[in-house]
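Enquirer: Protein chains in written order, with the numbering used here: chain G, 1 to 333; chain H, 334 to 666.
Quick caveat, the hints were computed from the structure, so don't treat them as lab data.
One or more hints might be untrue.
Covered stretches of chain G, going by a simulated chain H footprint (3 or more residues, C-beta under 8 angstroms) [as the list claims (entries may be wrong)]:
1. 125-134
2. 230-238
3. 254-265
4. 268-275
5. 292-305
6. 313-327
Below, in silico cross-link-like pairs of lysine to aspartate or glutamate (DMTMM-like), each with a Cα-Cα straight-line distance of 20 angstroms or less [claimed, not checked]:
7. G:LYS127 with H:GLU373
8. G:LYS127 with H:ASP436
9. H:LYS460 with G:ASP190
10. H:LYS468 with H:ASP436
11. H:LYS460 with G:ASP103
Simulated DEER-style distance windows between Cβ atoms [to be verified]:
12. H:GLU442 with G:THR165: 52 to 62 angstroms
13. H:ASP540 with G:ARG137: 49 to 59 angstroms
14. G:GLU109 with H:GLN497: 52 to 62 angstroms
15. G:VAL333 with H:PRO594: 38 to 48 angstroms
16. H:SER597 with G:LYS135: 14 to 24 angstroms
17. G:LEU319 with H:LYS502: 53 to 63 angstroms
The structure displayed is predicted, hence computed values, not measured ones.
All C-beta atoms in this analysis are idealised placements derived from N, C-alpha and C, irrespective of residue type, glycine included.
Number of protein chains: 2
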Amino acid sequence: MIEAPYLLFLGDAPDRLAAKVAQGIRDWRPGVALGQLRMEGCRADLGLPDMTLAEARAAGVRTLVIGVANRGGVIAESWLKVLVEALAEGMDLASGLHNLLRDEPVLVEAARRFGRRLHDVRLPGVKYPIATGLKRRGKRLLAVGTDCSSGKMYTTLAMARAMQTRGMKATFRATGQTGILIEGDGVPLDAVIADFMAGSIEWLTPDNDPDHWDLIEGQGSLHHVSYAGVTLALIHGGQPDALVLCHEPTRSHMRGLPHYPLPSLEATRDLALTHARLANPACRAIGVSINTQALGEAEAAACLAEVETRMGLPAVDPLRTGVDRLIAALEEV
Amino acid sequence: MIEAPYLLFLGDAPDRLAAKVAQGIRDWRPGVALGQLRMEGCRADLGLPDMTLAEARAAGVRTLVIGVANRGGVIAESWLKVLVEALAEGMDLASGLHNLLRDEPVLVEAARRFGRRLHDVRLPGVKYPIATGLKRRGKRLLAVGTDCSSGKMYTTLAMARAMQTRGMKATFRATGQTGILIEGDGVPLDAVIADFMAGSIEWLTPDNDPDHWDLIEGQGSLHHVSYAGVTLALIHGGQPDALVLCHEPTRSHMRGLPHYPLPSLEATRDLALTHARLANPACRAIGVSINTQALGEAEAAACLAEVETRMGLPAVDPLRTGVDRLIAALEEV
Numbered sequence: 001m002i003e004a005p006y007l008l009f010l011g012d013a014p015d016r017l018a019a020k021v022a023q024g025i026r027d028w029r030p031g032v033a034l035g036q037l038r039m040e041g042c043r044a045d046l047g048l049p050d051m052t053l054a055e056a057r058a059a060g061v062r063t064l065v066i067g068v069a070n071r072g073g074v075i076a077e078s079w080l081k082v083l084v085e086a087l088a089e090g091m092d093l094a095s096g097l098h099n100l101l102r103d104e105p106v107l108v109e110a111a112r113r114f115g116r117r118l119h120d121v122r123l124p125g126v127k128y129p130i131a132t133g134l135k136r137r138g139k140r141l142l143a144v145g146t147d148c149s150s151g152k153m154y155t156t157l158a159m160a161r162a163m164q165t166r167g168m169k170a171t172f173r174a175t176g177q178t179g180i181l182i183e184g185d186g187v188p189l190d191a192v193i194a195d196f197m198a199g200s201i202e203w204l205t206p207d208n209d210p211d212h213w214d215l216i217e218g219q220g221s222l223h224h225v226s227y228a229g230v231t232l233a234l235i236h237g238g239q240p241d242a243l244v245l246c247h248e249p250t251r252s253h254m255r256g257l258p259h260y261p262l263p264s265l266e267a268t269r270d271l272a273l274t275h276a277r278l279a280n281p282a283c284r285a286i287g288v289s290i291n292t293q294a295l296g297e298a299e300a301a302a303c304l305a306e307v308e309t310r311m312g313l314p315a316v317d318p319l320r321t322g323v324d325r326l327i328a329a330l331e332e333v
Numbered sequence: 334m335i336e337a338p339y340l341l342f343l344g345d346a347p348d349r350l351a352a353k354v355a356q357g358i359r360d361w362r363p364g365v366a367l368g369q370l371r372m373e374g375c376r377a378d379l380g381l382p383d384m385t386l387a388e389a390r391a392a393g394v395r396t397l398v399i400g401v402a403n404r405g406g407v408i409a410e411s412w413l414k415v416l417v418e419a420l421a422e423g424m425d426l427a428s429g430l431h432n433l434l435r436d437e438p439v440l441v442e443a444a445r446r447f448g449r450r451l452h453d454v455r456l457p458g459v460k461y462p463i464a465t466g467l468k469r470r471g472k473r474l475l476a477v478g479t480d481c482s483s484g485k486m487y488t489t490l491a492m493a494r495a496m497q498t499r500g501m502k503a504t505f506r507a508t509g510q511t512g513i514l515i516e517g518d519g520v521p522l523d524a525v526i527a528d529f530m531a532g533s534i535e536w537l538t539p540d541n542d543p544d545h546w547d548l549i550e551g552q553g554s555l556h557h558v559s560y561a562g563v564t565l566a567l568i569h570g571g572q573p574d575a576l577v578l579c580h581e582p583t584r585s586h587m588r589g590l591p592h593y594p595l596p597s598l599e600a601t602r603d604l605a606l607t608h609a610r611l612a613n614p615a616c617r618a619i620g621v622s623i624n625t626q627a628l629g630e631a632e633a634a635a636c637l638a639e640v641e642t643r644m645g646l647p648a649v650d651p652l653r654t655g656v657d658r659l660i661a662a663l664e665e666v
């Protein structure tokens, strides 16, 4: 568990996009970040108070979160200086970078010296169990997509926040690096050892109150030949009661696989339900979440209406229409 | 690649079953093991010449293979002494034990000193790629099972050996620890990082001659909630042209999951083909391999006949009937 509150490190981000992890934390956990730290040349601005490390410490910050993608896979010298100072000020560090904090001897040494922790959220920090498939109490929803990067994290985060706002018992369960940095914990599923994938998701979504919902971030797609095994482990380990189908309607082929067309929403639903009902015979598809960002207003409305009619399920775009209709559908599960 | 020839280390195996890895190597790679090394109290005997380390070295042995399961997850002091001596004699070590050779400082030190290698076949030794799903040349068969431990390794090994004997181009592709120790290389799939599972199988079964067959050892089952993701990665990464369905007919529930019944052969076929045809639309189920060990002669024959009629596919027990009919079916693919 990454300790809050955070200071968001934006480094020398060349633009807003480079700081999208920080932006995600600011958007989805308002209040958790007390400020931002921008170095010389930084062109991103989250609209949070700019703080020095000393100011952040005085304000009660516990963790400096690296909210910026670095260039070239190496943590720059200029960053290392700031990160060591943060450790010296008594803060932990958290990062989703490919190049790990723990692979930087200067950070390892400083963390040891100052008694602080380095959170590399790309790496599992837990010895996960083998999945048992035993039925757990509480309810679970899993986002499954026609492809990777089709809005699964966004949809489950939006649902969790809306449910929490209504006073429903709901927890977002992160399974990817950005989700983990937003939520403060989770399972970095793509880095888990094969035999423990489904078990890691059982561990992530344990027994709970009968009226509690886990909103499980999906990964990959059953129709994506690079990652489908990861998706299947999520379906079996999550033993969802409800699936929400996620789709990006303008994509012409699977992400990274130009020779593989996208599956239909129907095929995605049918294959996911076939697998899901092994672990939970009651599982149902309760709605569709469509990322219509690339469409104009009228096109988006037409797309949602067409999918809704065709699938016989509520179809929403979390950003345009909100997720209220998905939550209403959950209440029937 | 583990260098042959081998000396098989049986340690102080309390019975024949404890030495089943060594037995597998002796059965499936006759000639690769020049001898066996048995310590005080060993009750297993493979019928190979007993050799000292010096004798083995003089005979040309390159690797001491640990062919015995140890008790309690610790490599005993008495074993360590022999293993260090083997390194000093100029042999590499190979092991599929859960407790790793590389976690024993005395072995690491001795390997360094004598310039030898430690092969822990439970660990991937390669940085595998992400799967691309690109069609590869050559033919591939994958064993898929109704459950774990249903004869997949045995079936693909038997097919590979029979095809090699006939002069066909065929390679057994190991995906588990015992198979790797038998074959000398392979992918320890259950220990691969989630994102690289399918890619590791693409790597294992590369482009080949148009008339070459890879016989890919299967793992798990699409209906086993603990491991199905591993199975799916094999199906997508292997892009098989042919599936052989493996089944143990007396099992009442999934291995390790008493609350999960076995799927039918039909359900196994249909689900595996649905997934397989994503990566290879021409994939077909070509036969059934049934482990009838627990049945009497008449019962076994009746079981095979019933399955054959029901499935419309040749049904064999590799041990009782051989695999010729599966190979004949391959010739039509």
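Enquirer: Is the distance from the Cβ of LEU319 (chain G) to the Cβ of LYS502 (chain H) consistent with 53 to 63 angstroms?
Expert: Check passed, 55 angstroms falls within 53 to 63 angstroms.
Enquirer: Is the straight-line distance between the alpha-carbon of LYS127 (chain G) and that of ASP436 (chain H) 20 angstroms or less?
Expert: Holds. LYS127 (chain G) to ASP436 (chain H) sits at ~17 angstroms (cutoff 20 angstroms).
Enquirer: Under a C-beta cut-off of less than 8 angstroms, do 3 or more residues of the region 313-327 of chain G approach chain H closely enough to confirm the stated coverage?
Expert: violated (count 0)
Enquirer: Three residues minimum, CB to CB under 8 angstroms: does the region 268-275 of chain G make the cut for coverage by chain H? Let me know.
Expert: holds (count 3)
Enquirer: Using a Cβ cutoff of 8 angstroms, are there at least 3 residues of the region 254-265 of chain G near chain H, or does the coverage claim fail?
Expert: holds (count 4)
Enquirer: Range hint 49 to 59 angstroms: satisfied by the CB atoms of ASP540 (chain H) and ARG137 (chain G)?
Expert: Cβ of ASP540 (chain H) to Cβ of ARG137 (chain G): about 50 angstroms, so the range 49 to 59 angstroms holds.
Enquirer: What's the verdict on LYS460 (chain H) and ASP190 (chain G), does the C-alpha distance respect the 20 angstroms limit or exceed it?
Expert: holds (15 angstroms)
Enquirer: Range hint 38 to 48 angstroms: satisfied by the CB atoms of VAL333 (chain G) and PRO594 (chain H)?
Expert: Once the Cβ atoms are compared, 25 angstroms apart, the range 38 to 48 angstroms for PRO594 (chain H) and VAL333 (chain G) is violated.
Enquirer: Taking 8 angstroms as the Cβ threshold, is the statement that the region 292-305 of chain G is covered by chain H upheld or broken by the three-residue rule?
Expert: It is violated: at least three residues are needed, and the region 292-305 of chain G offers just 0 whose Cβ sits closer than 8 angstroms to chain H.
Enquirer: Does the region 125-134 of chain G contain three or more residues whose Cβ lies closer than 8 angstroms to a Cβ of chain H?
Expert: That given contact holds, which follows from 5 residues of the region 125-134 of chain G lying within Cβ reach (below 8 angstroms) of chain H.
Enquirer: For the range 52 to 62 angstroms, tell me whether the beta carbons of GLU442 (chain H) and THR165 (chain G) fit it or not.
Expert: holds (60 angstroms)
Enquirer: If you draw a straight line from the CA of LYS468 (chain H) to the CA of ASP436 (chain H), is it 20 angstroms or shorter?
Expert: violated (39 angstroms)
Checked against the numbered hints given earlier, the structure breaks hints 5, 6, 7, 10, 15 and satisfies all the rest.
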